Amino acid sequence: DIQMTQSPSSLSASVGDRVTITCRAGQTINTYLNWYQQKKGMAPKLLIYASSNLQSGVPSRFSGSGSGTDFTLTITSLQPEDFATYYCQQTYRIPVTFGPGTKVD
Amino acid sequence: QVQLVESGGGVVQPGRSLRLSCAASGLTFSNFALHWVRQAPGKGLEWVASISGDDASSAYYADSVKGRFTISRDNSKDTLYLQMNTLRTDDTAVYYCATGRPEKSTTVLRSWFDPWGQGTLVTVSS
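Each protein sequence line maps, in turn, to chains Z and A.
Start counting the first sequence at 1193; every next residue gets the next number (the working numbering).
Start counting the second sequence at 2; every next residue gets the next number (the working numbering).
Hints are computed from structural coordinates only; laboratory data are not their basis.
Only a predicted model underlies this, so the values are computations on that prediction, with no experimental measurement involved.
Using N, Cα and C, we set each Cβ at its ideal position, and we do this for glycine too.
Be a bit skeptical, because a hint or two may be false.
To be verified - Output of the computed footprint for chain Z on chain A, the stretches with three or more beta carbons under 8 Å from beta carbons of chain Z:
1. 43-51
2. 54-66
3. 100-112
4. 115-127
To be verified - Derived, one-sided and incomplete: chain Z residues facing chain A with beta-carbon distance under 7 Å:
5. P1236
6. Y1241
7. T1283
8. V1288
9. G1293
Using the sequences and the accompanying hints, generate a full structural model.
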């Protein structure tokens, strides 16, 4: 199985801050890496697909980068609605695996 | 717009069975791979199972459910299913269905999940 790790596991930030979350895969996954946002009690929402593609309707303050094993999600100016948990996901091999999540509060 | 609605969750005793459904609308259902993902209380996301599009010829399972759960689809009803047998207490979770992108992909891999349903809670307890 491809193990996904995220850092940090949680972070405290303020509105307007630049936030960076890192995701690392246990083996190369090309760019088959997606990012999801989940707010409490809600279903996950796709933010970024294939490492760097912004999902339609997602604000441009979100961006993703990386390939191989190391990936980054960046929020350039944190907004009140961005306080949530963020998960990375690899779909390069079965089993599909998610990172453990990064809580932004 | 695309909408997925799960149903069938509830409280069940260990060792019993339950079938979840996920009704889709707003898309050409047979063109999309579909997925089940679960989330135990207070925990992260865990992929459960995936099924390929039109011909549903390929199904994949997490080791934790292999041999107990069966994913299937009825393209005539635009509905995805998850038959869960021999349930265990550690199957307790919110179960989400999700659409696999891109459309008409020949594989469930190299994909992303969007959108997701609202989830249905399964509680396995005596």
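Contradicted hints - numbers only: none
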